[in-house]
Amino acid sequence: AAGVIQSPRHLIKEKRETATLKCYPIPRHDTVYWYQQGPGQDPQFLISFYEKMQSDKGSIPDRFSAQQFSDYHSELNMSSLELGDSALYFCASSQRGLDKNIQYFGAGTRLSVL
Amino acid sequence: DAKTTQPNSMESNEEEPVHLPCNHSTISGTDYIHWYRQLPSQGPEYVIHGLTSNVNNRMASLAIAEDRKSSTLILHRATLRDAAVYYCIPLVVSGGSNYKLTFGKGTLLTVNP
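Heads up: the protein sequence lines correspond to chains A and B, in order.
Sequence positions in the first sequence follow my numbering and run 1 to 114.
Sequence positions in the second sequence follow my numbering and run 115 to 227.
The hints are simulated quantities; they were obtained by calculation from the structure and are not laboratory data.
Where is the CB? At the ideal position from N, CA and C, for every residue including glycine.
Hints are supplied without guarantee of correctness; some may be wrong.
[Stated by the list, open to error] Below are the BS3-like pairs computed for lysine-lysine, each with C-alpha atoms no more than 25 Å apart in a straight line:
(1) B:117 - A:57
(2) B:219 - B:183
(3) A:22 - A:57
(4) B:219 - A:57
(5) B:219 - B:117
(6) A:52 - A:22
[Stated by the list, open to error] Computed list of chain A residues with no C-beta within reach of chain B, every gap over 10 Å:
(7) 7
(8) 16
(9) 19
(10) 27
(11) 67
(12) 80
Just need the whole structure built from these sequences, with the hints factored in.
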C-alpha cells in the first residue's frame with residue numbers, strides 16, 4: 001500500500017539559509033499535518049491543511065510557512081534557519097472522517113543546520 | 115488539551131504480555147483515546163483507538179476504564195519489534211474538526227530477548 005512520502009530524507013543547511021521540505025500524502029487523503037521532533041524530544045505539531053486550506057496551527061515560527069497544493073502534496077518552507085531548527089520533520093496524512101482520522105506518518109526529513 | 119500521564123519506561127520479556135497504562139483524567143466526553151508508537155529512527159505509527167468500549171485489532175488491545183480517566187494498551191505477546199516509545203493521546207476535536215496529535219512524554223518499552 002502507498003505510504004506518505006517525504007523528501008528529502010536528509011538535508012544539511014547553513015545558518016540563515018532556506019530549506020524546503022516536501023510531503024506527498026497517501027492517495028485520497030485530504031489532510032496533511034507537519035510535526036517537528038527535536039533531539040531527544042517528542043513530536044510537536046506545527047501546522048495542518050485540509051483540502052488545501054490551513055486548518056490548524058501550532059508552535060510554528062514565523063520564519064516557517066507551508067502550503068498544500070492542488071495535488072494535495074504539501075511543502076514546508078523554512079527561512080533564516082537557526083541551529084535550533086535542527087530536527088526531524090514528520091509529515092502525516094489522514095482522510096477526514098475515516099477511522100476517526102488516523103494519521104499515517106512518513107519516514108521524516110532530518111534537517112541539520114550547521 | 116487533556117493531560118496524560120504515562121510511566122517513563124517499562125520492560126518486558128519477549129513472548130510475554132505487556133500492559134502499558136495511561137491516565138487521562140481530564141479527558142472530555144467526546145475525545146477518542148488514540149495510541150501511537152514510535153520505533154527508533156522512524157515516524158510515529160498508529161496502534162489503536164477507542165472511545166468507551168474495549169477494542170481489539172491485530173496489533174493490540176485497548177482497555178478503557180468505565181470512567182474513561184485511564185486506559186491500558188495491551189500487547190499480548192511482546193516481540194523485539196515492539197520496542198518503541200508508546201504514546202497515549204486523547205484526540206481533541208477543536209473548532210473546524212481538526213485532529214492534531216499532541217504527543218506527551220510517552221513510555222519507552224524495552225523488550226528483552
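Inset, instruction - Determine which of the earlier numbered hints do not hold for this structure and return their numbers in increasing order. - result: none
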